[in-house]
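Colleague: Sequence:
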Amino acid sequence: MASYAQNDFEADVDVDGAVDLVVGALESTDYSEDQLAQSYYTQQLQQQQQQELASIAPEVRSLIVYLHQAILNQNTDAIQGCISHFYRLTEKFQFPEAEIVAPLVNDDQNFLTIYRELYFRNIYAKGQPTLEQRFRSYDNYCDLFNFILNSDGPVNLDLPNQYCDSIVDEFVWQFSSFAQYRARLSKKSEEDITILRENPQIWSCYSVLNVLYSLIQKSRINEQLAAIKKGENPNDVAGEYGVLPLYRQLGYCSLIGLLRVHTLLGDFTLALKMLDNVDIKKSPFARVPNCHFQTYYYQGFAYMMLHRYADAIESFIHILVFISRTKQYHNRSAQYEQVNKKADQVHALLAICVALCPTRLDENTHSALREKFGEQLARMSRGGPEALPIFEELFTFAAPKFINPVPPADPENVAEPLQHHQKIFMEGVKGQMWAATLRSYMKLYTTMKLEKLAAFLEIDEEELRSQLLVYKQNSRQFRRTEGALLNGEVVSTSELDFSLEGDIIHIAEAKTGRRYGDWFMRNATKYLQINEGLAKKH
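Each residue of the sequence shown is one higher than the one before, counting from 1 in the UniProt record's numbering.
Since no wrong hints were added, every one of them can be taken at face value.
Distance ranges between label pairs, derived from CB positions:
id	residue 1	residue 2	range
1	SER440	PHE478	24 to 34 Å
2	ARG370	GLY153	50 to 60 Å
3	ASP279	LYS443	36 to 46 Å
4	SER492	ASN73	56 to 66 Å
5	VAL491	SER62	54 to 64 Å
Under the rule of at most 25 Å between Cα atoms (straight-line distance), these lysine to any residue pairs were calculated in the SDA-like manner:
id	residue 1	residue 2
6	LYS449	LYS472
7	LYS218	ASN75
8	LYS342	LEU306
No lab work stands behind these hints, which were simulated from the structure alone.
The structure displayed is predicted, hence computed values, not measured ones.
Positions of the beta carbon are idealized from the N, C-alpha and C atoms, including for glycine.
Work out the full structure, taking the sequences as your base and the hints as a guide.
Modeller: Here is the structure:
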């Protein structure tokens with residue numbers, strides 16, 4: 001039967017003619033070998049993408065679809081819930097590239113830009129990103145901000161406060177991370193160094209500042225905040241962009257972002273200038289732990305570098321009290337965990353400022369400070385040359401990671417910005433190392449001769465006069481009373497005041513009364529706790 005079929009096929013079909021027909025059909029098309037290869041490659045790529053799409057975990061797939069729908073519906077609560085769930089899932093699953101998930105969201109490019117922002121953020125959080133990933137993340141931020149700022153009119157997008165804050169926060173953090181990465185040329189290959197030098201615009205200082213200032217200008221956030229201070233309607237000055245929550249929120253977060261960037265660049269006066277119209281205590285972002293912390297941390301640090309220690313102490317105490325009071329409400333927040341880890345840095349900065357400007361602290365803050373840095377605080381407060389290494393150690397531990405505004409020209413001679421700012425700060429500290437010793441002697445007298453104090457200190461009278469002038473100058477600081485952060489008046493921050501008439505020192509002590517109310521409330525609370533404990537036992 002098989003033989004018959006073969007014979008019948010050979011009889012009925014002209015094999016040579018069939019070959020000619022096939023060849024003719026191929027010749028009649030205009031497909032080149034390159035086009036056929038490209039078509040084959042496209043098919044292979046599609047098959048690979050389908051396989052990768054099928055390999056996505058069901059939980060990840062569901063989250064992406066739900067987040068996309070929440071953004072389309074402008075449901076900010078659902079968006080924030082998805083983002084919180086995203087962080088939890090990244091601990092268990094590897095999220096795919098945006099191109100792979102595109103079919104799940106109908107190739108919505110605006111959503112994919114937001115997804116990439118989360119995707120690269122996760123890469124940064126999990127370890128050291130590659131140079132290519134740093135470049136791609138920067139390009140994606142350019143796409144995101146171009147969409148928001150340069151579309152034809154305001155974009156139809158609404159995002160929750162916390163996510164707006166995290167976008168700007170991550171943008172500034174990746175800029176800082178890249179600046180530090182770029183500065184370490186000696187550890188890089190020649191290829192990487194060449195790529196960095198050929199692409200100076202990637203994560204450039206100008207481009208980052210341009211984005212932040214553009215968001216502020218587009219939202220007219222400064223005009224809105226100024227109107228609120230005057231008791232006026234902010235919508236009257238907001239414009240078509242600023243009336244929308246997205247632009248208003250990003251504009252506000254950009255003010256905080258510029259506070260950070262200018263501090264990292266070492267311009268502390270301009271950093272504080274960014275908050276001229278900001279009242280963080282009345283802002284909706286006061287409920288966003290990271291934003292609240294960043295504001296007061298960088299505000300306090302800028303004050304410290306400007307030698308306004310009393311204002312710095314007030315800022316640091318505020319954020320420590322905030323962390324303590326909100327711990328029970330934000331104990332499940334990923335941002336709060338990050339903030340809580342930085343509380344030790346704030347305590348270190350507070351210890352530095354209290355050593356330079358002795359201040360009475362509330363009992364809880366003082367107890368926490370003694371617990372964490374009690375020994376260092378005592379050694380710094382005593383003054384003298386042996387205290388200088390402690391100041392340097394705590395400054396290095398607690399200061400932000402300063403950056404250079406431009407790429408280094410010589411990989412063998414890269415200036416370390418942290419050391420530069422530490423050196424400037426320590427020059428001011430060295431001038432105050434006699435302060436503690438002077439206070440300890442002058443507390444014992446109301447009047448004393450210059451010669452007598454010089455003998456106690458074992459220095460000559462002329463040097464003592466210089467030290468007294470330095471002490472007097474440092475005890476008078478510019479302190480904020482109201483209004484903008486840079487405003488204020490000169491006040492005495494020392495518990496001792498003195499005047500020098502000829503060779504006689506006249507000393508007056510400004511005593512601060514004990515806070516009996518705090519003492520009473522603290523001990524009443526302890527009494528109630530003891531009573532409750534005893535009642536439970538019985």
